[in-house]
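Numbering (this note's numbering), first residue to last: 793 to 885.
Warning: the hint list may mix true and false statements.
Derived Cβ-Cβ restraints for the label pairs, each shown as a range [claimed, not checked]: (1) L843 / Y877: 31 to 37 Å; (2) D830 / N876: 44 to 50 Å; (3) T806 / T851: 14 to 20 Å; (4) S869 / W832: 22 to 28 Å; (5) L811 / N831: 19 to 25 Å.
In case anyone wonders, no lab produced these hints; they're calculated from the structure.
Given the structure is predicted, the values throughout are model-derived calculations rather than measurements.
All C-beta atoms in this analysis are idealised placements derived from N, C-alpha and C, irrespective of residue type, glycine included.
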Amino acid sequence: MKINWKVRMKNWRTVVATLITVLGVAWTAGGFTISDLDNWYVLWLSFVRFLNSPMAIITTIVAVVGILMDPTTSKFSDSLKVMNYSEPRKDDK
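Please construct the entire structure, taking both the sequences and the accompanying hints into account.
Right under this line is the structure:
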């Protein structure tokens, strides 16, 4: 699987979508509540609860793969054209 990670991470939309997905699944699966943010120990216990849930980890991985996959290619890898980019392409209309 060849992915041009530098270009992907320079695209703020990809970074935001990935963070929202990971945090959203972790928040739900870990049983976080707003009051957990007041206590580092309780927040840590909720995070450990998330890590102990295989379904939560699998869901997170599948969601992140879905965000990072290039739907314009038939495989998981980026196209040769994209592999040569140094910046995300700007589509001027």
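The hint says 14 to 20 Å between T806 and T851; measuring C-beta to C-beta, is that right? Holds - the Cβ-Cβ distance for T806 and T851, about 19 Å, lies within 14 to 20 Å.
Honestly, do S869 and W832 meet the 22 to 28 Å range at C-beta? violated (40 Å)
Does 31 to 37 Å hold as the CB distance between L843 and Y877, or does it fail? holds (35 Å)
Take a look at whether the Cβ-Cβ distance between L811 and N831 falls inside 19 to 25 Å. holds (23 Å)
Given the hint of 44 to 50 Å, is the C-beta distance from D830 to N876 inside that range or not? holds (49 Å)
Checked against the numbered hints listed earlier, the structure breaks hint 4 alone; every other hint is satisfied.
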